[in-house]
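Asks: The primary structure of each chain is shown beneath.
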Amino acid sequence: MTEPASVIAIIAVTAITAIIGARGVRVARTPADFLVAARQVPATLNASAISGEYLSAASFLGVAGLAMLEGLGALWYAVGYAAGYLVLLAAVAAPLRRFGAYTIPDFAEGRLGSPALRRAATAAVILICGFYLLPQLKGAGVTLQVAVGGPVWIGVVVLGAIVTFGIASGGMKGITFVQAFQYWLKIIAIAVPALVLLAVVQHPPVTTVTGPAPPTFSHRTAVQFPQSEVISVTTTVDVAVSGHVDGEPRRGPLELSKGRHTIGSGSTITFPAGSPAPHVEANPIMTGAAWTSPLLQLGGRPDHALAATYGVLLATVLGAMGLPHILVRFYTNRDGQAARRTTAFVLLLLGSFYIFPAVFAVLGRMEAPGLYTSGQTDSVVLVLPRIMAGGMLGVVLGALVAAGAFAAFLSTSSGLLISMSGALSHDIMGGGVRAFRMSAIAIGIVMTALGLAVLNISINVLVGWAFAIAASTFCPLLLLGIWWRRFTWIGAIGGLILGGLASSVAVLLTIVGVGSSGWPAVLLSEPAIWTVPLAFLTMILLSLATPRAIPADVTQQLLALHLPERVRLPSAVDRGLVSQPGPAAS
Amino acid sequence: MTAGQTPTRQVVRSQARRTGGRSSTPARDDLYEPDAYGRELLTSLMRAQGGACVTVLLPALALLALYPLLTAIFPWLATAQLLGLPLTLLILGGGIYPPLVLLGYWYVRRAERLEQQFVELLKER
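The listed protein sequences correspond, in order, to chains C and Z. To convert, note that position 397 of the first sequence is 397 in this note's numbering; the numbers rise steadily by one, no gaps. To convert, note that position 62 of the second sequence is 62 in this note's numbering; the numbers rise steadily by one, no gaps.
It cannot be assumed that every hint is accurate.
What the hints assert, rightly or not - Within a straight-line C-alpha distance of at most 20 Å, the following computed SDA-like cross-link-like pairs (lysine to any residue) qualify:
id, chain 1, residue 1, chain 2, residue 2
1, Z, Lys-123, C, Val-237
2, C, Lys-258, C, Val-237
3, C, Lys-258, C, Gly-247
4, Z, Lys-123, Z, Arg-39
5, C, Lys-258, C, Ala-240
6, Z, Lys-123, C, Val-567
Think of the hints as simulated: they come from the structure by calculation, not from any bench.
Hey, can you work out the whole structure from these sequences and the hints?
Replies: So this is what it looks like as structure tokens:
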């Protein structure tokens, strides 16, 4: 199907982003740019910008999609994404702003005085941003597929190309105003459709959502299969088919018998009203009681749900502080107090946003059970407006969510690619605009290719992994670096390597299919529950074992972190508190 | 430290404050002395700030960790309904955010007050 209104909305969002960006200042990559911004940006605008960069495909599409698929317990992801800012506020925001380093590798080297640690932190930046970029690409694929039709990979390649070209040409800027605009676009694009759909919903939700039976089609429904799927039919049903069923071309009525069937890609099956919705074989069907459980159920299965819930909470709450593309934004705050006020306001903006994915998840289970059949729950936010609201209203709301979704991919993937290219070109290739552009192109191509490999994994699960790796590396580095005197660079490197390796290996094992149930599934797919303590313990024990590596200037570094600006000397640099900018500083 | 090699890092600080915000607080020099007194001041500041940090994070931790634990212990809580809607939806779909936001604002005020007290303590010397 082709939705011209959605296509126009997507193109408009891309064009507006490019135009606002092109008229603004250069992307904030040098301290001077931050100084310019720091004089002008009030806390509310800054908070909008941080939220705009933070709300990614996972928040806009993924939370609703995963909650529809695995039950309301998946809303813990959203809670964790927001609650992470409380930890960031209380433990990190003001000290990090006061320290004056504007990337995590800068902080690590400045605080602990080790170039080797800087390189380890750079590697972690690339790893985390890479894992975070994949779901953005998949989200773009899903969005373009709903709007234009055709296979998902087209959208992945299109977004990969737009962002890579935009960053490499310097035409897509991460300036504050663009990101702030994107936040307000995103919340309007999800709130307005959600409220309108709540107004048009026809029967009390709770009966269909909490009932014992699997969800049923409330009216005659045509289900489209963009990808080939194996579905499980619970009761024999008379359907109308156009496409391939069990390998044979079919057109017209068919008795779909109880059992499993393979549906070819591009097929359409029309189910009668009142029939239970079949489900993709890989995702077990959930009763209403299981679906409304407040515990996170991996793949819809109830094993070790409490451990899985805590795993997701640890990853999301502690991972939020370790996202490199977000932390950079804190330096547009005027001082430590402004950083705190900004962060508190971000918490309000995020909390307001995350009400709406929950609305979409509930409405999706009631009104769009066909998404369980086609395995397309990640697109619930995109398709629900047209399923529930007919005519012009559905078209307009559909275009609005498509625009909001594309804004989410554009803002987040631009921020991520800038962070990755900046880290790679500055710390590994020796700096310079040319190195930055070449890094952007190389990373863009590699990430797009990798993005094609993970199309079957839920957007939100992919983002959860990026958070798990961040929580197992940068969270202990920041917390111990800010609050613990006896922290040494040897402990920091050990923890970074062990935490980063353990969490990313666990995630990779899950992707290739090791451990599909029981404890292995929980411990590998929600690794934060053991890799975060592992990273903390490694850093603490190694630091205690190497007291001679405590920096000689530790008191001054801690003062630079914690002293309110009002009682500082005019320039901390003069006092040797922090390293002088080299003469070659670009 | 690597002074000569790569342009490592520099302090990003508002120009406005650097030129205009020179308050006359003689005692602040003590903070930079590498003697026991400077270290003592730092310890007291970090203790106060760390205390504020813990007092805001503990209630948040309790809120986030206890709800899943209670529903695991009391299964009826997992399927409870309120006003015709699942309790899960009311809490995870919105109800959990206002307390988190309020804790955040409370912390901001508390941290600013602590800093004010610290500055006044320095002035008294």
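Asks: Look at each hint and say if it fits the structure.
Replies: Evaluated hints:
A hinted pair counts as satisfied when its Cα atoms are at most 20 Å apart, and Lys-123(Z) with Val-237(C) does not qualify at roughly 82 Å. Our distance criterion of 20 Å between C-alpha atoms is met by Lys-258(C) and Val-237(C), whose separation comes to about 8 Å. Taken as a hint, the Lys-258(C) and Gly-247(C) pair is honoured in the structure, with Cα atoms around 17 Å apart against an allowance of 20 Å. A threshold of 20 Å between alpha carbons decides the hint, and for Lys-123(Z) with Arg-39(Z) the separation of about 17 Å falls inside it, so the pair holds.
With a CA separation close to 16 Å, the supplied pair Lys-258(C) and Ala-240(C) stays within the 20 Å bound. Between Lys-123(Z) and Val-567(C), the direct Cα distance comes to roughly 10 Å. Compliance with the 20 Å bound is thereby established for this hinted pair.
In the structure shown, a violation is registered for the earlier hint numbered 1 alone.
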